[in-house]
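Protein chains: 2
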Amino acid sequence: MIGKHCILELCECNSVKLDDEAFIRTTIQMASKVAGAQLLNLITHKFVPQGVTGLALLAESHISIHTWPESGYAAVDVFTCGDQTMPDKACQLLVEELQSKRHSLKTLRRDTPVMISNALIN
Amino acid sequence: MIGKHCILELCECNSVKLDDEAFIRTTIQMASKVAGAQLLNLITHKFVPQGVTGLALLAESHISIHTWPESGYAAVDVFTCGDQTMPDKACQLLVEELQSKRHSLKTLRRDTPVMISNALIN
Numbered sequence: 004m005i006g007k008h009c010i011l012e013l014c015e016c017n018s019v020k021l022d023d024e025a026f027i028r029t030t031i032q033m034a035s036k037v038a039g040a041q042l043l044n045l046i047t048h049k050f051v052p053q054g055v056t057g058l059a060l061l062a063e064s065h066i067s068i069h070t071w072p073e074s075g076y077a078a079v080d081v082f083t084c085g086d087q088t089m090p091d092k093a094c095q096l097l098v099e100e101l102q103s104k105r106h107s108l109k110t111l112r113r114d115t116p117v118m119i120s121n122a123l124i125n
Numbered sequence: 004m005i006g007k008h009c010i011l012e013l014c015e016c017n018s019v020k021l022d023d024e025a026f027i028r029t030t031i032q033m034a035s036k037v038a039g040a041q042l043l044n045l046i047t048h049k050f051v052p053q054g055v056t057g058l059a060l061l062a063e064s065h066i067s068i069h070t071w072p073e074s075g076y077a078a079v080d081v082f083t084c085g086d087q088t089m090p091d092k093a094c095q096l097l098v099e100e101l102q103s104k105r106h107s108l109k110t111l112r113r114d115t116p117v118m119i120s121n122a123l124i125n
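As given, the protein sequences belong to chains D and U, one line each in that order.
Remember, the working numbering sits 3 above the position in the first sequence when you count from 1.
Remember, the working numbering sits 3 above the position in the second sequence when you count from 1.
The shape of chain D in the complex, shown without the other chains (with noise of 0.2 angstroms):
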């Protein structure tokens, strides 16, 4: 297997976090590290009138978090190759930060189309 895909829909989330820049590109930090992950590179956007999104540049793939505050929504991925990295624990950390009362994760195998017929694992 290349390598572990979570995607996780974040709903009835802190609104006001969901808008903070900072707290954004903070809270990835924490997700990378909890993941066991190296963090490359960072970059966000802060859109007009709401909305953030973070993309992180790992040494194992990335973390992508896209936010809409006006519904108190986020759309993550976590995207892990390699066995040392653990990206439930990332999502498990963003749901916290996030303060996100309901949420939905599915995880994808990432791979060959050959490997990848079974392609949803959980």
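What the hints contain is simulated information worked out from the structure, not anything from laboratory work.
Since the model is a prediction, treat every value here as computed from it, not as a measurement.
One should not assume that every hint holds.
If several chains are the same, the list does not tell them apart, and a pair holds so long as it fits within one copy or across any two.
In silico DSSO-like cross-links for lysine-lysine, where the CA-CA straight-line distance does not exceed 30 angstroms [stated by the list, open to error]: (1) K92 / K49; (2) K49 / K36; (3) K92 / K109.
The hints should help you fit chain U onto chain D, whose structure is shown.
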């Protein structure tokens, strides 16, 4: 629906192109354009001894590419929001530009948990 997330596995690609950071940058810029998306920021990283990661921050979400030249493989995500973008066109361009002879494309809808019970639409 918040957005459409294309998960693309590219196999049997041109390994030289997969390892060419400048080529990956240019290709992501082209992919953003054909998708009808607005590219706000683009970061890339060249790994040693091989491999490139590219992350594009779009006004409409993101594009990510992670390459394994030694396997001829690239893991691609094209996540766009709104009705005006065409992530499928970006995927088709990436298949062609990276000269993938075999690929797999899955499309997820991204939305709040209530709405994603039928998340896999393709």
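With 30 angstroms as the alpha-carbon cut-off, assign the pair K92 and K109 to within, between, both or neither.
both (14 angstroms within a copy, 25 angstroms between copies)
Classify it for me, K49 with K36: is the Cα-Cα distance of at most 30 angstroms met within a copy, between copies, both or neither?
Both, since 23 angstroms and 21 angstroms are each at most 30 angstroms.
How would you label the pair K92, K49 (within, between, both, or neither) given a Cα cut-off of 30 angstroms?
both (26 angstroms within a copy, 27 angstroms between copies)
Hint violations for this structure: none, all hints satisfied.
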